[in-house]
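If you read the protein sequences in the order shown, they are chains A and B. Residue numbering for the first sequence follows the numbering used here, starting at 1 and increasing by one per position. Residue numbering for the second sequence follows the numbering used here, starting at 1 and increasing by one per position.
Just so you know, not all the hints are guaranteed correct.
Any copy, or any two copies together, can satisfy a pair, since identical chains are not distinguished.
[What the hints assert, rightly or not] Restricting the straight-line Cα-Cα distance to at most 16 Å, the calculated cross-link-like pairs of lysine to aspartate or glutamate (EDC-like) are:
no.	residue 1	residue 2
1	K98	E322
2	K22	E141
3	K108	E200
4	K22	E264
5	K298	E141
6	K143	E237
7	K98	D276
8	K325	E101
9	K242	D227
10	K325	E104
Source of the hints: derived by calculation from the structure; they are not laboratory data. Keep in mind it's a predicted model, so treat the numbers as computed, not measured.
Number of protein chains: 2
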Amino acid sequence: MSIRIGIVGYGNLGRGVECAVKHNPDMELVGVFTRREPQSLEILTETANVYSIEEAVNMKDDIDVMILCGGSATDLPKQTPQFAEMFNVVDSFDTHAKIPEHFEAVDKAAKKGGKTAIISVGWDPGMFSLNRLYANAILTEGKDYTFWGKGVSQGHSDAIRRIEGVKNGKQYTIPVESALEAVRNGENPELTTRQKHTRECFVVVEEGADKARIESEIINMPNYFSDYDTTVHFISEEELLKNHSGIPHGGFVIRSGKTGWNNENTHIIEYSLKLDSNPEFTSSVIAAYARAAYRLNKEGQNGCKTVFDIAPAYLSSADGAELRKHLL
Amino acid sequence: MSIRIGIVGYGNLGRGVECAVKHNPDMELVGVFTRREPQSLEILTETANVYSIEEAVNMKDDIDVMILCGGSATDLPKQTPQFAEMFNVVDSFDTHAKIPEHFEAVDKAAKKGGKTAIISVGWDPGMFSLNRLYANAILTEGKDYTFWGKGVSQGHSDAIRRIEGVKNGKQYTIPVESALEAVRNGENPELTTRQKHTRECFVVVEEGADKARIESEIINMPNYFSDYDTTVHFISEEELLKNHSGIPHGGFVIRSGKTGWNNENTHIIEYSLKLDSNPEFTSSVIAAYARAAYRLNKEGQNGCKTVFDIAPAYLSSADGAELRKHLL
């Protein structure tokens, strides 16, 4: 029998989850739940339906894992606890500072409902976190580095688009190659914000807009750009659509550490991602953890979990003997 | 209270485990167990003792986890099941083809004794296996690549040293940079053995030995060298000791896969290691899994496990709340 999946929210992430379910033959999509008018929404899966989010409460027996694809700012802090009481759930809550309180709220709800919830699934938090944990457990004396990019930052692109005279814009976060190399060489550099990443902006302006003012506003914007070396390119709308409509991302988690009786040996552990589509990759991680949520719940392991709490074998559709034979 | 560790076998790996225990403040080394005359063996830890391997049976209550540091060819197939009936154990069994039968034998013994055993711990098998599993679970459609090196292959170095006229030798396995780049670019190349790695040998010969014959014997040696492009350098014993006495290693696990409704997006997941000391890194992984074995046994989770079966949080000395706050 397939694992029956529901999706709450049909933005980039929800669409990504729909694709990921297609790539996992042991899963089937039952429905997409939306706050919009269900008829207004067209999905790709012919065998699945679109429902109003209010209908979810009546479908507890039809869905094994509900995947919550809303935003971390306002949607998930409410939705995940609410749904975790009724369904096994997976979310990609990514406000790092608020993870502890989100965990507590979801844990309470999931335990009350006898459900299994997995929060903060994706690549950061998610696969990057896992790699930080493994590397720290192995190299107890060392230093962690995380670099992001090259990739599109949605938050920074939005910030550009809010400037007067800007019609459209995309911002790429780019790791500084020389900083990466120093870390890889085990030099354990102390790196400032400016030394780790640069920012590159592609901006489309309204007719007659003051480009010099816009460039200056971008480069000097506090929090977003002022601590970085930022480059601004003014391009046409056509060029933006042609060359910058993707949502690529990626990054590097590196730990450099010492072993030996007198710390005489250096080791570098590096994990990196190069992603054509940030939301589709995140969704693919989520689908694997949906399988884990389903299995853990069958075993009676209720409450809130993170990627740290889940044995890797739960993610795979293959059984233990197969995994030992082919992947170990 | 500390986790009390025993080491069976005091070669490179045993010495590495001794160093790793020093780097983990929640562990203490109780003793090293050896087949040699205990008095003949000097260890680094002043607070630990050296025992004859026969004495282990009398120390069941003094040791929480016994770490088996023998070889995979003849030691571990006997020792791990034998010790797993008396102790929680961790080994680094690395004969990939024989892992299933080793698992069965160890599982039976550990369950009989109510103990927890973790086998095949290290980096390959070990961290590389984990990364293969995670990447396969996320990118269900894709292709796996493993490259080893640059590093010393003990087996190939031994093979060189068995040739008549060879006094000493070291062999490095080196990944082919252009093959790595093709994989990283998502080209999904089909690579032959020769296209993935080259082999570089540093050889010290006896006085008057026939270098041309030795070079030819190396390059044409079946299984070890004949399928590779091999370079042979004749050097002096002094140069070998000065520049080639380390045991560095490392490698790359890369999965390239597709997502999207019509597989339109490509993603690259890469995990790499650059290790000054192969045995010390392996030992550091083992120490983290010794902590897991200890905890799992406290929870009553007996039998044989591999890295696939163990939730990452068990490896860390930090608790769940700390991990979520600092590493997620």
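Here is what the structure says about each hint:
1. For a Cα distance limit of 16 Å, the shortest separation of K98 from E322 across copies, 13 Å, qualifies, whereas the shortest one inside one copy, 39 Å, does not.
2. In this homomeric assembly, K22 and E141 come within 16 Å of each other (Cα to Cα) only across copies, at 11 Å, whereas the closest approach inside a single copy is 43 Å.
3. Proximity of K108 and E200 under a CA criterion of 16 Å is satisfied in neither setting, with 43 Å inside one chain copy and 59 Å between copies.
4. Taking CA atoms no more than 16 Å apart as the test, K22 paired with E264 passes between copies only; the shortest distance there is 14 Å, against 50 Å inside one copy.
5. Taking identical chains as interchangeable, the C-alpha atoms of K298 and E141 are never at most 16 Å apart, the minima being 39 Å within one chain and 27 Å between chains.
6. Taking the closest pair of Cα atoms, K143 and E237 never come within 16 Å of each other, the shortest separation being 43 Å inside a single copy and 37 Å across copies.
7. Taking CA atoms no more than 16 Å apart as the test, K98 paired with D276 passes in neither setting, with 28 Å inside one copy and 38 Å between copies.
8. In the homo-oligomer, the alpha carbons of K325 and E101 lie at most 16 Å apart only across protomers (10 Å), although the nearest pairing inside one protomer, at 41 Å, exceeds that limit.
9. For the identical chains of this complex, K242 and D227 are neighbours neither inside a copy (30 Å) nor across copies (46 Å), given an alpha-carbon limit of 16 Å.
10. Taking CA atoms no more than 16 Å apart as the test, K325 paired with E104 passes between copies only; the shortest distance there is 12 Å, against 39 Å inside one copy.
When each numbered hint is compared with the structure, violations occur for hints 3, 5, 6, 7 and 9.
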